[in-house]
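Each residue of the sequence shown is one higher than the one before, starting from 8 at the first, in this note's numbering.
Note that these hints are calculated values from the structure, not bench results.
Keep in mind that a hint or two might mislead.
Unchecked claim - Dumping the calculated SDA-like pairs for lysine to any residue here, alpha-carbon to alpha-carbon at most 20 Å:
| id | residue 1 | residue 2 |
| --- | --- | --- |
| 1 | K48 | T37 |
| 2 | K44 | L54 |
| 3 | K48 | M36 |
| 4 | K48 | D38 |
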Amino acid sequence: MINFEEELSKFIPSPEIEQAEDIIQNNDMTDISDIIKELLKRNNDEL
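All chains should be built: construct the whole structure from the sequences, respecting the hints.
Structural data, given as structure tokens:
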């Protein structure tokens with residue numbers, strides 16, 4: 008039978024995953040909601 012506590016104590020996270028998480032979280036990328044907000048702002052400014 009698997010001892011989950013023992014297996015969890017052996018777990019070592021991959022450094023590449025941690026680096027990728029940091030890059031993704033710190034990257035200020037434009038997404039569709041940002042684009043829609045900008046378009047609505049421009050539309051309101053033109054009125």
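> Are the Cα positions of K48 and D38 separated by 20 Å at most?
Replying inline: holds, 16 Å
task = For the pair supplied as a hint, K48 and M36, confirm whether the alpha-carbon distance does not exceed 20 Å.
result = It holds: about 19 Å lies between the C-alpha atoms, which stays within 20 Å.
Given the hinted pair K44 and L54, is their Cα-Cα distance within 20 Å? holds, 16 Å
Would you check the hint for K48 and T37, treating anything up to 20 Å between C-alpha atoms as holding? Distance of about 15 Å is within 20 Å: holds.
Violated hints are absent here; each numbered hint is respected by the structure.
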